[in-house]
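Peer 1: The chain contents come next:
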Amino acid sequence: MGLFKIGRKDDDMPTFEAVLKQYERPVYWHIRRMVVSHEDAQDVMQETFIRVYQGLDKLRKKEMLKVWVYRIATNESIRHLAKMRERTVSELSEDDVLVKRLEASEHVDWEDVEGVRLQKAILQLSQQERTVFNMRYYDEMSYEEISQVTGTTVSTLKVAFHHAKEKIKKELFK
Amino acid sequence: MEEFLNNNDKRMPYTVPEGFFEEMHQHLMATAPKSQLLVPHHQVSKRLWMSVAAAVLLLIGVSFYALMGTEKVESPLLADQSEGIENYMTDDALDEWIAIYEDKENTIL
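Heads up: the sequence lines are chains A and B, in that order. Quick note on our numbering: the first sequence kicks off at 33 and runs consecutively. Quick note on our numbering: the second sequence kicks off at 99 and runs consecutively.
For reference, chain A alone in the conformation it holds in the complex (with noise of 0.2 Å):
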């Protein structure tokens, strides 16, 4: 995908700073729901604006931009989740470290059972499950947009969005 083609760079390409009010909390968000703890998010959105910075100058249609963040913050949290499981001598799978992580976190709303109920059927998804969900659900995107992110094919991600609502609809209603 030409995220770089070569050309003309679009004149009203935004500024960092443009770049970091308008994503800063989306992608914060977006990272927060792939690795669950808020210092391990923070220290993943601080890569990710870091890396957004030495590669904007080189990113040249204003319109792949949210698809380029996105990619990069979706990238740097699967770095991140590998590193992790790298780090982690134990007998759980992904999604059992994960719901763990979620237990011992400080920053959640633990009155919002619904909430976090919905959140630990999530993370018991499978990653791509995890990630088209959560980037349809409560991202918004396009399974066009979603693609070009993961680079993934439009109907594997329809089926994975399907696969993951059957899992989490099980889950919350069993």
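These are calculated hints, taken from the structure and not from any lab test. Here a beta-carbon is modelled for each residue, glycine too, at the ideal position from N, C-alpha and C. Check each hint, because a few of them may be wrong.
What the hints assert, rightly or not - Quick list of in silico lysine-lysine cross-link-like pairs, DSS-like style, CA-CA up to 30 Å:
id, chain 1, residue 1, chain 2, residue 2
1, B, 132, A, 53
2, A, 152, A, 93
3, A, 98, B, 108
4, B, 108, A, 206
5, A, 190, B, 132
6, A, 190, A, 115
7, B, 132, A, 94
8, A, 199, B, 132
9, B, 132, A, 197
10, A, 93, B, 132
11, B, 108, A, 53
12, B, 108, A, 190
Said to hold, decoys possible - Derived list of chain A stretches under chain B, where covered just means 3 residues or more per stretch with a C-beta under 8 Å from a C-beta of chain B:
id, stretch
13, 103-115
14, 141-148
15, 178-190
With chain A fixed as given, assemble chain B onto it according to the hints.
Peer 2: The following block gives chain B in isolation, referenced to the frame of chain A:
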């Protein structure tokens, strides 16, 4: 469930410390420009190894080219062939040798 998932008030129990986004904004605005100078450690190592590999390859290339150049000037094969060339018979010497040989042959017969 469909209603729950389509609800605009989407359930998200995660919270952040107060003033987090403002602090993070300031922090990123201050640190991101400096990050241009701070190349991550793994990238430094990669660049360093690539430079060393390139230098070694270049050295091998230059040495090989130099050796090939030397051989072109003084190839051992050519040197062997040229050695003793002065001992080869000239046309005159050959004629003389044939004459002697013919004399000897005639004597024998």
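Peer 1: Compare the structure with the hints numbered earlier in the document and write down the numbers of the violated ones, lowest to highest.
Peer 2: 2, 5, 8, 9, 13 and 15
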